[in-house]
Amino acid sequence: MGCVQSFRELCDRQKNTNVRLSLPAVCIVWQTAMIILFGVFIRYNEESDAHWIEHRKAKNISSDIENDFYFRYPSFQDVHVMIFVGFGFLMTFLKRYSFGAVGFNFLIAAFGLQWALLMQGWFHSLDYTDGKIKIGIENLINADFCVAGCLIAYGAVLGKVSPVQLLVLTLFGITLFAVEEYIILNLIHARDAGGSMVIHTFGGYYGLAISWMLYRPNLDQSSRLQGSVYHSDVFAMIGTLFLWMFWPSFNSAITDHGDGQHRAAINTYLALASTVLTTMAVSSLFQKHGKLDMVHIQNSTLAGGVAVGTAAEFMLMPYGSLIVGFCCGIVSTLGYIYLTPFMEKHLKIQDTCGIHNLHAMPGVIGGIVGAITAAAATESVYGPEGLINTFDFVGDFKDMVPTQQGGHQAAGICVAICFGVGGGIIVGCILRLPIWGDPADDNCFDDEPYWELPDDEEMSV
Amino acid sequence: MGCVQSFRELCDRQKNTNVRLSLPAVCIVWQTAMIILFGVFIRYNEESDAHWIEHRKAKNISSDIENDFYFRYPSFQDVHVMIFVGFGFLMTFLKRYSFGAVGFNFLIAAFGLQWALLMQGWFHSLDYTDGKIKIGIENLINADFCVAGCLIAYGAVLGKVSPVQLLVLTLFGITLFAVEEYIILNLIHARDAGGSMVIHTFGGYYGLAISWMLYRPNLDQSSRLQGSVYHSDVFAMIGTLFLWMFWPSFNSAITDHGDGQHRAAINTYLALASTVLTTMAVSSLFQKHGKLDMVHIQNSTLAGGVAVGTAAEFMLMPYGSLIVGFCCGIVSTLGYIYLTPFMEKHLKIQDTCGIHNLHAMPGVIGGIVGAITAAAATESVYGPEGLINTFDFVGDFKDMVPTQQGGHQAAGICVAICFGVGGGIIVGCILRLPIWGDPADDNCFDDEPYWELPDDEEMSV
Amino acid sequence: MGCVQSFRELCDRQKNTNVRLSLPAVCIVWQTAMIILFGVFIRYNEESDAHWIEHRKAKNISSDIENDFYFRYPSFQDVHVMIFVGFGFLMTFLKRYSFGAVGFNFLIAAFGLQWALLMQGWFHSLDYTDGKIKIGIENLINADFCVAGCLIAYGAVLGKVSPVQLLVLTLFGITLFAVEEYIILNLIHARDAGGSMVIHTFGGYYGLAISWMLYRPNLDQSSRLQGSVYHSDVFAMIGTLFLWMFWPSFNSAITDHGDGQHRAAINTYLALASTVLTTMAVSSLFQKHGKLDMVHIQNSTLAGGVAVGTAAEFMLMPYGSLIVGFCCGIVSTLGYIYLTPFMEKHLKIQDTCGIHNLHAMPGVIGGIVGAITAAAATESVYGPEGLINTFDFVGDFKDMVPTQQGGHQAAGICVAICFGVGGGIIVGCILRLPIWGDPADDNCFDDEPYWELPDDEEMSV
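Same order as they appear, the protein sequences are chains A, B and C. Residue numbers for the first sequence follow the UniProt record's numbering, beginning at 1 and rising by one. Residue numbers for the second sequence follow the UniProt record's numbering, beginning at 1 and rising by one. Residue numbers for the third sequence follow the UniProt record's numbering, beginning at 1 and rising by one.
So that you can see chain A by itself, here it is in the shape it has in the complex:
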């Protein structure tokens, strides 16, 4: 670590946060590349193309309401709100980093979803007859999901990186995500409707590994800005609540039509309700005078939604959902109380938003819950057709049995962690190059380097 240390000092000496050339250059070049790649590769699929009317008649589909748009669009819009308002406002809790929280979240989400459409399209929606990716509403949802992984990672480095670094983080994050997702869902044939493994475990460890690589030993120089103020905590609750309310849509957005979406929504609704109670309990119990801590309410109340992601479409049973939520509220809140300080002090991982407690740990728990629930599936609970349907035991996998599926699910967790940690270390190395315009230690958690601020600012801190 000696050479790492000296390399780090070298980088720190000269901090120039002017992104006047790099940010526009990356945005314009990238957007131009997207236009070209979309021109070459992306077309409407048969449900969004004007030929739909002929397709409908040919396939004998009785009504326009059978178009996948009507099955998934309400869920898509809810997911969209989670990505932009949910993640964006959740990170506004810092007293002086609200512009960066909402604004950079906006930037990297808009940037990432285009690349996600391409990357995921190549793996999942490529029409081999003409070499085009055919997109519809499900692709938009998946692109939003893909972006979520990077926004989770942003939570770990919030306030410590430049927008250009975030674009690099997103570019590689989306790429890794698409590969990891393909391996887990298609090659390993694990199921992961709500993305406990694919999104949260990957995104969490990706962010933590990057934060570890970008460790700042003198971050206490900006400690005056690391807290919240009263109004910024209320803004953050907007993010929390929209995430919490729409999580049932997140976990059910791409599950099977009919009972699949229905069940996933119910399970998530219940798990989240349960989490709120145990989060409040632990928050009060471990604080002197029994006072509640807004950090816990803002974050740990969401852990149940993460942890029920994989199993939401399974026959987890309503009480099963409550149990998952119960445990995650406790684990996540204890994580904020004990683990986050421990990780910062002893593991040199500075995790601004505590994504380890909100995404990484609950994600792994969700993967395990999914593996157990899958392994325990029986034909009597699911019905013969229901079992095939739910676990997609068709094609190459038509001879699989639930216990096998449980093993595959477990393998999925490992892949997600490996991609997260490995990818994060590599990307973290790249982000340490002294060319990205990141802020100095005493300039962290401050909107000032990257935003024109209104005049009131000096007064309010």
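Honestly, the hints are just simulated from the structure, not real lab data. Treat the hints with care, since some could be wrong.
If chains are identical, the list can't say which one is meant, so a pair holds when it fits in one copy or spans any two.
[Claimed, not checked] No farther apart than 27 angstroms at their CA atoms in a straight line, the calculated lysine-lysine pairs in the DSSO-like style are these:
hint: 1; residue 1: Lys134; residue 2: Lys348
hint: 2; residue 1: Lys132; residue 2: Lys291
hint: 3; residue 1: Lys398; residue 2: Lys57
hint: 4; residue 1: Lys348; residue 2: Lys15
Once you've looked at the hints, dock chains B and C against the given chain A.
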């Protein structure tokens, strides 16, 4: 009242707001009980169970889109937003009680909806073949509705109670609600799609009766905290607008498929639009210099949605909806100007959010409008099948006629008021026990007793 | 202009902002008129009437899910959020005009939508058999659209007019809108699903012309209030994000069932993503030190949604959407940097929110994109039935060809501009009468004249 007075003084002497033991204990015990009861009683219904695919074929249902999920999920999500963001942010108007408003609203809603699923399930969704409650999307909506009654009651005692008291209020509130709802909808056979009676009248009087029982003669000791600040009023408008916008979904969420949902949404949309204009008019007219008062805009603009709740699914006609909204905007705003101060001074009812003007009065008006509209229904307006459909004149009630239905509706109002007032008095007695950790008079409307506050707080008040 | 000048000075001399008589009078009289007109003219249509069940059987419609409600209600609710939260909060950026932004937006939207239902109903939904307007969910969406035009115009005069002036602006705006829309859509047979021409071009120029007529040479007297503060910029981002996220619903809300709605959502999603990147790029490039300007992020990121409005339902292709968004992000941001100051200085147009950059210019671009895309349509791309379907080549227009359609689209742009500019000048004249209670120059951008403000206000400015 002499003994009541001395009992009250006894309670007030020693105020300990430390909920470090009681809050976690109630949460954990309750959540554990929920897990056990859900394990014993709650299962998926046929539309959310993995057997759906077989059920669908057996029942000859042509498509997954016929699953009730697709009829109701968008409305459910809107209702969900109303419960958590709508009610939560509406109460953030106080300058220093935003954490309590949003946070405790979150807590009791998550707590209440689980109990509501059980209570309502026993009355409405019990499958007698196996003794299980079978839940689907409609149960989730009803659970949210049930919770709304308690959140309304919270509005009356906002800032004056501890979180443990709120949990007790909710526990009993949900129980009373489920019984009252069963009596009104099933025994009396009144219709109440948007819950003017069942939710708003009950919730309003329940909260007012509790507030009356918890009367604090020296509440002016915390009068410095009873007002709003500029930003807290803007936060409250987030709540107002989400309630206002999604109220058509609230009133149409559980009405009949097809024209029922369609008509309920239209009627609510129109009633609310009309209310905004008369609220603004009265607010300006009764204020010196004609200035508008944010309290009225935040609250009275919603009264039309409450008052059209019962009749929204009937053939109220678009102009009928406008008339209802017109009257309620005036009544509700005048209530804020004259009734709330009167009630505080002469009736010893301290109603923090003015729920009497927003929920109780408009709820009763809504019940009356519903009774009149039902009594005036004719076959020529509804069509023979439409009449049976709308008023559910089937089974035991197949010989009912509209005038009878009008009487039943009127009976429903009385039941709601009785349950609200009676239940509130009993629960108010319980809440006066000196064991719940409620704040002292000079500590009301302050987040400080129950929340870890960021450092800025001293400055901003 | 000499006489205009002296007339203006006459008006300015005596400013009385007391609207205690005028505002209530207008609201009550107007609402009463609405009730009467609704009573005479407006009824439920066959999908929202209780006769639906009989209609359904007669028409052999297999399921309630075929009711238009289920095709459009989720989009309607998204549009509703855009109108009330989106437009309302977008305008809260001023440090001391948040009540006016959200509150007056609320007032005029609720006021306008009723008049819009009548005006648009007479043109589009009149049932000639009984002389009644029959309304359903599509009418509610169109009423919201119609209101959007006036809210855009409000953006130009934000902070400089009284609520009574806004009601007048809205009354005439809705009337002009309905006529203009009828000419463009029915007589000219242009297509304009997302309203680039009908809503944004019209609304933009309408507002700019009014602002020009109400030019205030001494507006710098209130320059201390023209900026934002930190928290007001965060509030404005709530508006921005809800507009941005739900714009796909806006552009797809009234397009054809099936592929039409599906494609419009995809195109809008892509155009908006692209706009974010180029907006950020230009904002950083043209600011010293490369810092981002919140004004651009709040507004220009939305330009792509405006510009793709007309063509969203066409086969614009995913890369086409990206190109439109790419250009609009640049044009709109440059507009804020160069055009807005130029217009204020040299053209005497004071455009508070910069609606020229967000609505007028992108609207015209959208009209042009629509014309080109329509003219370039071919049967091979759309399919024979798809072409007829998309461009509605039926009835009187069954012999039209795409190139003709392109010409009609171009004619539509001209009509929208003419109605906007012409109508704005006339309405501007009316609004200059010294009877409307508008604020003095040093009282602009201040909530104080029209709102009861909490005590903290003096401190926070």
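Checked hints:
{"no.": "1", "hint": "Lys134 - Lys348", "in the structure": "neither (44 angstroms within a copy, 50 angstroms between copies)"}
{"no.": "2", "hint": "Lys132 - Lys291", "in the structure": "neither (57 angstroms within a copy, 39 angstroms between copies)"}
{"no.": "3", "hint": "Lys398 - Lys57", "in the structure": "between (31 angstroms within a copy, 22 angstroms between copies)"}
{"no.": "4", "hint": "Lys348 - Lys15", "in the structure": "within (22 angstroms within a copy, 44 angstroms between copies)"}
In the structure shown, a violation is registered for the earlier hints numbered 1, 2, in ascending order.
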